[in-house]
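Following the hints, put chain B in place on chain A, whose structure we already have.
Note that the protein sequences, when read in sequence, are chains A and B.
Going left to right, the first sequence walks through residues 1 to 385 as our numbering numbers them.
Going left to right, the second sequence walks through residues 1 to 395 as our numbering numbers them.
Bear in mind the hints are in silico, worked out from the structure with no lab data behind them.
Watch out, some of these pointers could steer you wrong.
Claimed, not checked - Lysine-lysine pairs mimicking DSSO-like chemistry, simulated, CA-CA at most 27 Å apart: (1) K293/A to K280/A; (2) K148/B to K10/A; (3) K113/B to K389/B; (4) K376/A to K292/B; (5) K113/B to K376/A; (6) K211/B to K389/B; (7) K10/A to K162/B; (8) K108/B to K4/A; (9) K113/B to K4/A; (10) K10/A to K211/B; (11) K54/A to K32/A; (12) K148/B to K376/A; (13) K389/B to K32/A; (14) K389/B to K292/B; (15) K10/A to K32/A; (16) K162/B to K148/B; (17) K139/A to K4/A; (18) K113/B to K32/A.
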Amino acid sequence: MNSKIIIWAKNNLFNTWYNAVITLFLSYFLTKAVRSMVQWIFSVSWVVIPRNLKLILTGAYPVDQLWRIWFILLVGTFLAGISYSLLKKGIRGTVLVLILVPALLASLGFSHVSRMYLLSLSICQVVGYLSGKYLFGGKAVIIAAVGWVIFVPFIYVMVNGFTGPEGFLPLVRTNLWGGLLLSMIISITSIILSFVLGLFLALGRRSELIVIRYFSIGVIEIIRGVPLITLLFLGYLILPLALPANITIGVLLRAMAGIVLFHAAYMAENIRGGFQGLSKTQYEAAYAMNFNKFQSMVLIILPQVIKNIIPVLVNSFTGMVKDTSLISIIGLLDLVGISTAIAANPEFMSDSQQVLLFLSLIYFILCFSISRTSRKIEASMNYDK
Amino acid sequence: MQLTKLNDDRVLRTAGQFLFALLVIFIVASMYGNTITALTNRGMLPSFKFLSLAAGIDIGEHIIPFDNSSSNFRAIIVGLLNTITISFIVILFSTFLGLFIGLCRISKNWLVKNIALAYIEVIRNVPLLVLLLFWYRAVFMEMPHIKKALILGSFQSSTGGKGGTLFLSNRGLSIAWLKPAEGWTLFLYIVAVAVLLAVVFGLYLRAYGKKTGRKPMVFLWSLSLVVFISALGWIILPDSPMVMDYPTLNGFNPVGGLSISSEWGSLFSGLILYTSAYIAEAIRAGIQGVDKGQVEAAHSLGLSNFQTIRLVVLPQALRITIPPLTSIYLGVAKNTSLGVAIGFPDLFSVIGTLLNQTGRALELILVVMTIYLGLSLITSLIMNIYNSKIQLEEK
Numbered sequence: 001m002n003s004k005i006i007i008w009a010k011n012n013l014f015n016t017w018y019n020a021v022i023t024l025f026l027s028y029f030l031t032k033a034v035r036s037m038v039q040w041i042f043s044v045s046w047v048v049i050p051r052n053l054k055l056i057l058t059g060a061y062p063v064d065q066l067w068r069i070w071f072i073l074l075v076g077t078f079l080a081g082i083s084y085s086l087l088k089k090g091i092r093g094t095v096l097v098l099i100l101v102p103a104l105l106a107s108l109g110f111s112h113v114s115r116m117y118l119l120s121l122s123i124c125q126v127v128g129y130l131s132g133k134y135l136f137g138g139k140a141v142i143i144a145a146v147g148w149v150i151f152v153p154f155i156y157v158m159v160n161g162f163t164g165p166e167g168f169l170p171l172v173r174t175n176l177w178g179g180l181l182l183s184m185i186i187s188i189t190s191i192i193l194s195f196v197l198g199l200f201l202a203l204g205r206r207s208e209l210i211v212i213r214y215f216s217i218g219v220i221e222i223i224r225g226v227p228l229i230t231l232l233f234l235g236y237l238i239l240p241l242a243l244p245a246n247i248t249i250g251v252l253l254r255a256m257a258g259i260v261l262f263h264a265a266y267m268a269e270n271i272r273g274g275f276q277g278l279s280k281t282q283y284e285a286a287y288a289m290n291f292n293k294f295q296s297m298v299l300i301i302l303p304q305v306i307k308n309i310i311p312v313l314v315n316s317f318t319g320m321v322k323d324t325s326l327i328s329i330i331g332l333l334d335l336v337g338i339s340t341a342i343a344a345n346p347e348f349m350s351d352s353q354q355v356l357l358f359l360s361l362i363y364f365i366l367c368f369s370i371s372r373t374s375r376k377i378e379a380s381m382n383y384d385k
Numbered sequence: 001m002q003l004t005k006l007n008d009d010r011v012l013r014t015a016g017q018f019l020f021a022l023l024v025i026f027i028v029a030s031m032y033g034n035t036i037t038a039l040t041n042r043g044m045l046p047s048f049k050f051l052s053l054a055a056g057i058d059i060g061e062h063i064i065p066f067d068n069s070s071s072n073f074r075a076i077i078v079g080l081l082n083t084i085t086i087s088f089i090v091i092l093f094s095t096f097l098g099l100f101i102g103l104c105r106i107s108k109n110w111l112v113k114n115i116a117l118a119y120i121e122v123i124r125n126v127p128l129l130v131l132l133l134f135w136y137r138a139v140f141m142e143m144p145h146i147k148k149a150l151i152l153g154s155f156q157s158s159t160g161g162k163g164g165t166l167f168l169s170n171r172g173l174s175i176a177w178l179k180p181a182e183g184w185t186l187f188l189y190i191v192a193v194a195v196l197l198a199v200v201f202g203l204y205l206r207a208y209g210k211k212t213g214r215k216p217m218v219f220l221w222s223l224s225l226v227v228f229i230s231a232l233g234w235i236i237l238p239d240s241p242m243v244m245d246y247p248t249l250n251g252f253n254p255v256g257g258l259s260i261s262s263e264w265g266s267l268f269s270g271l272i273l274y275t276s277a278y279i280a281e282a283i284r285a286g287i288q289g290v291d292k293g294q295v296e297a298a299h300s301l302g303l304s305n306f307q308t309i310r311l312v313v314l315p316q317a318l319r320i321t322i323p324p325l326t327s328i329y330l331g332v333a334k335n336t337s338l339g340v341a342i343g344f345p346d347l348f349s350v351i352g353t354l355l356n357q358t359g360r361a362l363e364l365i366l367v368v369m370t371i372y373l374g375l376s377l378i379t380s381l382i383m384n385i386y387n388s389k390i391q392l393e394e395k
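In isolation and in its complexed conformation, chain B is listed as follows:
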């Protein structure tokens, strides 16, 4: 009796799952069939051959060489690189800004605390798209025309154009920036040696720490060593490794220096504001999540304020902060796709342009979803490794 009932249950379960799988396959297959029929009627059978054809588009910002005879595939790579670059920079900057605001949020100064609170509340309750549009249309597009650009420290350049330390117009921002010069390679060697030395020094410090039971700040000391040696090298080298490159106005476009387009600037500013508000909240929650007793215990052990924060509060706060921080970082890469609304050529905008050009909707959407999935996977992998490192080691 018991056996037959068990058997029945098993049969039912297997049959149920089998039916479910059949249903899913049926739906997917019929959708796929419909799509193929519809595409055949339009004479556009799905194929990825178009990727190697010339794109015939111009992309304003590209890290690798690109012109309108480059292939569609290369265009997608350009977009992907733009997405990765801006995500990386945004994550970097907004982590620092978020940390700062998160610390302000728990400040004992009422004014500081409430300004941080107001910032977080305002940013978190406005859609990112509106923020981006605001930066683009209400800030960057309202800048003066390039002919009347705001110029800081202007001078007459040798080529006859107008030079300056900073150009600000509705085309974007150009600022004087360091450019590698003759001594650059030599300087890189010095830095490499410094890093090597620092690693050795760091290992020694760690061993020393283990032996004596003290906890020297390994990373900080090694970093200062690198900075110190590099600075020394910079001064000693006969040819300066880098020179200032000033932007000059030739015709309508500032040449030289570091130039940031309005689109890049808007996406950067909007994303940083948006992301840092979320990071600030995650960090505040992390720090407030550490039990007060921990701080009191550390104080009663005679640890200084700084030591308490570095050795007791921060490691525990990180444990709480990392999981939400991971999803925020994952969100950044996805949020850059909103660049399409302000014309920044990120991955999604490039795909959108190619979509209009080639009409290959199915293939391009598959490509873009796969790439974003891959990016998410890599990011969460890295963060998971970091997370498992700082979590409690339970014995």
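For reference, chain A alone in the conformation it holds in the complex:
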């Protein structure tokens, strides 16, 4: 065992004299950096995070309605559990981590209610996994697919509510949505809508009809040539003017319009890449089977294209999560917006470093896990072949 480590170190750290020098130098600086980092972490007060955790995660969402968010999470983790049972090998470790994280978080000293909810999240995943594996059998695929499709509108209904203040699900206005909740809602909506819009743009770009083709090319290239923030301002300032006078739309929808339009153009290019990656013989085979254009597109081509671009799609989700941060510039209180507001609070004025670090950590965990998932999916798909 010991000699194995030595051989490994010899091959990977000290294989030449200059590598040995670099290794020694780097280890020295790395230890120093880590040590001063740790010293800093213990020298500052972190009370700003627990005091504002509710704000960072959900913004001004009413406290007595928070159970709705938890409920969404519980349903989501249950669906995730079923989905794990469908995935192939190589993903066990990730699943284990996902199951353990809520349980570990529960041990961090939150309130009793939160701890119970966190524990239930873990349990829900396990129950989902077991029922997917042993209870549903062959139906698990259908249950998971239908579940995920219903899940998104379900999020809206739960978060937004529809009854009066005394009812079962009182209406919560969008200006009360904030923090991670708002960021996630916008990201999820934009990935779905921009995928649909992007699909149409990609099809338009490949169309033989010149009017439609040039229209799609124009839209895609103009959008890709400008920064997201100009589109956000376009939605924020011009969209209310451009709509008929009797229609008013909220800031959230205006921001969403800008983000969706922006990502649709990039999505269209990704989808186009998927089309180009597909062998021409598929079209010919469909033609030989006497399928008409519409049939061959919907039944033969699209399913394969979509399957091929799933990793890219998941990966572009990280871009979307990151880009939603820009809505703070037009004054929405997403993760970044709420953190700015907290740091501007005189009580926490000196804690901006901690808030920003925590913010980066949330984004990192989110995006890193998403991109890891995309790589796992890609690998498991290659494994398929």
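Structure of chain B alone, referenced to chain A:
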């Protein structure tokens, strides 16, 4: 029968496209109509006359002269120049940093490889906006106040203020910098002559290379010639062409030297970190995309390690790297627009300020989108020319 069917198909297609075009025109026209009505109700019919009016704003950083009596148009130009300058500098620096990190990423040293990997993963999974805010609020704003500025090599200047080689405070950074002096023009002439000589020398080297079949490093040799002659000129000239200009503290602002505001510094640092991580990945993919057999073939032909990299690996890696690099470079110009979040007066911030001042939303957004489109177009044009030069010439 066949003919009528074909005809039908054609008619259908044309009619369909015509309808689609009509629909698009209808939607755009009605949106435009609504906008005009809404603006008329506010008494602000779209017009670009406001561009020539005085802006009445101050812009902290400007390359061309600007004060608050300058026109709105000039303000936009100032913003555009700031965007172009910082994009150019960021592209330059992050390409070198990205190349370095990309090479570290494929190093045989485990520690080097994984530090580079960690850097790339961390940067790519955090939004640029958060990075910028971090640099601005958590680094530059946490610097000491100007009264207690960090000073390196401080001395008492002749005017009575405090001088130094480097001032660091929450206002930004000021460092001693070279300033053109009396011999400057003469020195420029020498450099011009050196460049001319180098070009001639380079042409000769190329012809020599073609004749003998060897491959001399034309660019490197010419460059060393320029450096050599210029250095010689610098030493020989009686008046030094440049002198050190030290920043001094007069009142609250360091004067002289090269000063970098906190906003500029944050945008620069944040963008460089962000961009270089992406460039590193593009470069790593390029180098790893070159078939191993190529390296083995080059070695078996007796090429040295250095020659293998320069003549075999790099040209092929560039071919893979250029397309993603183009989109990264295009992204830089667009990403500078995030300067608005930390108050750096780039094109978009200036537009935002003018928007608040004049209320001319439609016109200003049209202007800013057109300018960004133009910038993207120019950048992709340049990169496409370069790309077509290095791609395989298929015969």
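- Query: When the hints from earlier in the document are held up against this structure, which numbers fail?
  - Reply: 2, 3, 7, 10, 11, 12, 13 and 17
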